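Trainee: Take the two lone chains and join them into the complex the hints point to.
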Amino acid sequence: MIASSVSTLVERAEALCRDLRLQSVRDWKARTGGLAIGYLPVYVPRELLVAQGILPVGLMGAGADLEIIRGDAYYQSYICHLPRSTIEMGLDGSLDCLDGLLFPAICDVIRNLSGMWQMLFPDKYAHYLDLPQNFDRELGGRFYRDELETIARDLAARGASAPTPESLREAIVLYNENRAVVRSLYELRAAEPWKIPTWELYVVLRAGLVLPVTEHTTLLEAYREAALADTTRLPMDQARVVLTGSFCEQPPLGLLKTLERAGCYIVDDDFIQVLRWIRSDVPVEGDPLENLVNSLLDDAIASPTRYSDQDEVGGELVERVQRRQAEGVLFCAPSFCDPALLDQPMAVAAVERRGIPWTSFKYSENSGQFQVIREQAGTFADSIKLWSEA
Amino acid sequence: MKPLDTTVVDVLKDGSQIRQKQMIADHYARLARARETGEKCVYTYVPGNLTELIRGFDLLPVLPEINALQSGMRGKSRDYIARAEKEGHSEDVCTYVKCDIGMKRSGNIGPTGERLPDPDLLLLSYTGCFTFLKWFELLREEYDCPVAMLHVPYQGDGKITDSMRRYVVDQLRDKIIPALEEASGKAFDLDRLRESLARSAQAEDDLVWVLQSAKNVPSPIDAYFGGVYYIGPIFTAFRGMPEAVDYYRELRAEIEQRLERGQGPVTPDGELESERFRVVVEGPPNWTSFRQFWKMFADEGAVVVASTYTKVGGVYDNGFRHDPDRPLESLAEYCLGCYTNLSLPTRVEMISRYVQDYRADGFLINSVKSCNSFSAGQLMILREVEKRTGRPGGFIESDLVDPRYFSASNIKNRLESYFQMIEQKRAGGGQ
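Chains A and B, in that order, give the protein sequences.
All residue numbers for the first sequence refer to my numbering, where the first residue is 1 and numbers rise by one.
All residue numbers for the second sequence refer to my numbering, where the first residue is 1 and numbers rise by one.
Chain B with its partners taken away, still in its complex shape (with noise of 0.2 angstroms):
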């Protein structure tokens, strides 16, 4: 095994990363203003997020998640979750939750070294994650202000029925839009929900151009460790606006021109020069240790071709879009749509196809404590996968958010070990 790099480094950024880490952190800073400004906010998820409505009503959205993500990668979501087990919450329980509640009890500074702004709505949206539910439960507790609740039903049966989508559509016109309404002091605005959707359609085209572009051998991104930064903005606080329009066009250009230059994805040490290993992944990726878990990857040249992840706040690269024609029935088919709303076949059925399309050697599940949306099952979905493609599967543990669950080289150990296997199996003909 090769000794652990654990040197913290400033990672090499290519413009598209740097430019949403500016637009996220320029709507932290805004939302850090809100009081002063008078602009209101709405507390909401990324799966099943209704960004196009909520800013329809000049409302600004705030994601937990989000902030329990960015605490991690800050190295400030241990002492979260220990104030929230402290204070009775469950060491068996989702880490995001208790880094948010930890987060809350200790003066709600965001990421960015200021303070969050109380909502003016709990926009509960309950789409994939039975967790959701009671997080806003738990928040509401904190919180003296409205609660919206949108029930999305699970894809059970592994598809959209009428009954479903009539269901989330009811909701969304007579219990979640007037709640807007109320929240904003702002009348529904239908046309402009519908230029919001033609451009959220527009920033969803780009980015399943770059997501696939990882076909191309060697391929010209990360679609995991560097998809997380593409997905950005229209997974939080962007989707609908111009700025997403614009970030998604510069982005397709940048990676356009990374194809025609033969380059490979930027890591954390520049840019990979041979790409060695291409590998699916399922689940989320591990926050704390971020860089260097992304560090074990490229160091065996190892890049991620497709990502499940990068599809949780909305699978778009099976052709759904958010339509202007049909705006809240697409709304409800994009809640219904993301990624852990989706049955166990129909998340196999998608990774075997990833394995298959974008020529992966194999997949990898991050298996994370916190998520049993994602995480129960997939020891099924590894077995699963592998007979269907033929390719083999690694699994390896963490947390998102909770760096005791992190053992990086328990960690790198296997990673090392399933690369090993590939090459073995390369050598004697398996591929």
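The following block holds chain A by itself, in its conformation from the complex (with noise of 0.2 angstroms):
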């Protein structure tokens, strides 16, 4: 097999991520017959999903490439934009595909997306996800269950499979597979960010949100294979950033690739979530529903979204930047995004503590300029390697 090359996989992955009428889910519907059920960010178990025969498939909003019209009807001009997109691209047709979407809790606009849903597609399944906020087994873990059983129930009276525990132990090794060659990614990029610049893995990340899962985790390995093998990729004197508040609405790709080409390598972010939520392998023995609860309660990772009990908030974004031997933080959240923005004070707090430079900006999914976040962040990462202490 003649190894691709790393444009082509970028490309291609690009080609998916931009393709809003997800013309790849329309070809898998067609065929295996199978069900599509979108999911907005940060998280839903797709385990569950992919046991069922369903296609997972992951709503990000529509960047910078829709002309937004009936979507700003429904909203004031205060709140996000990643739910005008998703209603616009409801409306013009190009989520006709999907069977239904979850709207996971991460904010009061995506739950209350999900009763505009409700309202607007009647005949489509959609679901408000509340993911517990509770981290005990006994209390959180067991309302969690009792979701995910709903779900379970709903997707197979609308003619999904029901799950079974061998299926599930099926799509939870092969998440697991994907899981793995993510965080092998996240190692690379955070040895040699020369090697993997943020703005390629974001797209063949991003492009596991429409394809199945197997297919995804082959386009990731093969992508990781071709950067190794690039020997014309050389490191640069960058500063390296963790980027941290982009973990709903997106920032444009020209945003991402402005912030590297300013001077930051990014070691470490916040992007594509869904891939990452859970640190490690779900265990597979035992019952797999619990084995999924458990994950989710035990093992995923601090998010804005996510109550954090006693600890310091801020405390796992350290400890990143401090693995990750990064130099400075940047807290890139979408304007209006009251996890993120809410979550900022406390944690730019945690990074100050510890005498770790930040600096930060704010973006719209569809932001078009960025000479200004250019000037920022290239100050940012000169004041960093002329005057840190490192």
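Each hint should be verified, as a subset may be incorrect.
[What the hints assert, rightly or not] Derived Cβ-Cβ restraints for the label pairs, each shown as a range:
1. A:298 x B:166: 18 to 26 angstroms
2. B:79 x A:261: 40 to 48 angstroms
3. B:408 x A:261: 41 to 49 angstroms
4. A:382 x B:115: 44 to 52 angstroms
5. A:369 x B:105: 31 to 39 angstroms
6. B:162 x A:18: 39 to 47 angstroms
7. B:145 x A:153: 39 to 47 angstroms
8. B:318 x A:261: 55 to 63 angstroms
9. B:112 x A:19: 58 to 66 angstroms
10. A:280 x B:88: 31 to 39 angstroms
I should point out that these hints are in silico values taken from the structure, not numbers from a laboratory.
No experiment lies behind these values; they were computed from the predicted model shown.
For every residue, glycine included, the Cβ atom is placed at its ideal position computed from N, Cα and C.
Mentor: Below you can see the structure in the form of structure tokens.
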């Protein structure tokens, strides 16, 4: 087999990311006759859907590729952009290949969007997935298991298979493989960021929102191999930064390229967290549904959307900075994003207590001008390289 | 457009308003003395509040939203918000939060001018608002005290399931009650809770009667601007207390008298003599210009006959009552049933029902920038309720406690246009 070049793989992934009409999903449905269920950020247990023969399809807005006309008529000016483009895609037929949508508990805007969807598309399945904020297995665990069983029943009633322990275990294995290669790419980027530019990593990860998991794992492995084999990629004197705050509405690709061109190596980020929400492998042995539940309770990453028990808010961000040997933090949140922006003062305080440099800016998924951010990020990177103690 | 009257005058109040104001002032005074008297306090929220439980441990509730709205009404929120923003809080987020943080950092001087005690427990009842969760994470950084967290699931499919109820009951039993025992040093007394819940139900009966008195034409009450006074005791520190039972009994008697006399509601300029428009309002009021906002309605002869904001701390007009025979279950159902914990389709049904049952000419949405729990989706609510009722909807925008987002002339202009539209519809036989 001839190894694919990085550019070929990235082009394919980018095309999948930008295909707002979800042609690959339509093709999959035509091929398999299965259901496709969409989901919004930040996390849904895709294993359950796959165990029911369903294609999970992640929606993260339309970026800068779609002119929003009807979507704006549903939201006031002070609401973020992602729900506008989601509504736009719903109304223009882009999402008509989806048999339903899951709206995970992330914020009040996405929560209320679940009700809007129920009214706009009464024939489609639309369910608010209430992720537990109590992490006690007997409390939040029991409730979450009930939630998963409800979803499984609802989807089975719409034509999906009922999940079996075997089908769940098979799905868990597939996603464990996917998580492993995602983790390895993050490790590789942290070690040799010049080999894995963030904008490339971003598109190959995001392609996983529409591809079947095995195809996505294959794509990631191929990309890893191709990037490692590319000897033209050489290190530059850039500042190593962790980017945080971009877990729901996504920054435009141009913004990511801008940050890297401005002198930043992004060595960790919050993008496409559904792929990394569970840190390690979900156990395969035993009750697989219980394993999915317990992994969410015990092994999920810290997030502004998840109640921080008694731990220091921002503690995990600091740990990531240290583990990735980053020199600074970019707080990069969408405008009007409650979880990110309410969290930010606490996270800023946590990094300041350790003397970690930081800067912050906001974006919208359809931002088109990056000059100001480029100058800000460039100045930040320069200040690290010129005056940092490291 | 009529000239804008910006004169600030004392609002004419009826007896119940004066009484509730005194109850709340007394509560703040008690809080201010708490360190001297040795009373302990719990910071918690209005939606999903567990007042009967808290007071059953002889703990005093402190409600940050109430502090914020009181600060807004007393002209202090601007500086508090400015301080929070200067210290790194985003201009995009909830101004209740920033007002509260700014107040804390300015000495935690409460609305009555006295210092509020630090909390002995932060009781995070996560009901109907995501921001609550972050708010108490922020407060946790300000205070050295334990936090108890009650996760109340959202009614995404428009119903309370057994699983939701059990989840909340189990948390109450296994997490919240032990945390209150720890904070108070007292054992949980189920009989005392039952007694309180029986009193809650009594007060709720009277409150519902008062709110539903607005079905009369003309209405004896304003269920939004006047309504915020009526809900004061039951939404704050007094649900389940004998004072609340007395207050709502007297309030009901007062409204009964108003009905008998054919009187309209009390407004900032006195009793409304002629009811020209009956409207339903969705969304919280603006607090920084509360009187001015109210006057804009009163000047047009507009009476709010039903509002959703008066259900934010509990929906009782659907038949729900706290139940001494099912103490934890009914507390769970109360939390699950608060207005902002309802799905959007349920909210649309509720507003549509109000428009019809209260014979409203139309409905207005006051969309506040601070509160996505209320605001996200309101433009769709507008369309859906119009479609279902055939009555015109109006849309105005302001904020809770950030005076920068209250544009009096714009709002007045919109309201006048809205009421003109209703008149034109009437003239055209539209209604």
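Trainee: Hints first: check each against the structure and report whether it holds.
Mentor: Structure-based check of each hint:
Remark: the range hint 18 to 26 angstroms for residue 298 of chain A to residue 166 of chain B is upheld by a beta-carbon distance near 21 angstroms. A hinted range of 40 to 48 angstroms holds for the C-beta pair residue 79 of chain B and residue 261 of chain A, which are about 42 angstroms apart. Checked against the hint of 41 to 49 angstroms, the pair residue 408 of chain B and residue 261 of chain A passes, with Cβ atoms roughly 47 angstroms apart. The hint said 44 to 52 angstroms for the Cβ distance between residue 382 of chain A and residue 115 of chain B, and at roughly 46 angstroms that hint holds.
In this structure the hint that residue 369 of chain A and residue 105 of chain B lie 31 to 39 angstroms apart at CB holds, the actual value being about 35 angstroms. Hint check: residue 162 of chain B to residue 18 of chain A, Cβ distance near 44 angstroms, so the stated range 39 to 47 angstroms holds. Between residue 145 of chain B and residue 153 of chain A the C-beta distance comes to about 42 angstroms, which sits within the given range of 39 to 47 angstroms. As the Cβ distance of residue 318 of chain B to residue 261 of chain A is approximately 58 angstroms, the hint placing it in 55 to 63 angstroms holds.
Hint check: residue 112 of chain B to residue 19 of chain A, Cβ distance near 60 angstroms, so the stated range 58 to 66 angstroms holds. At roughly 34 angstroms, the beta carbons of residue 280 of chain A and residue 88 of chain B sit within the given window of 31 to 39 angstroms.
Checked against the numbered hints given earlier, this structure breaks none of them.
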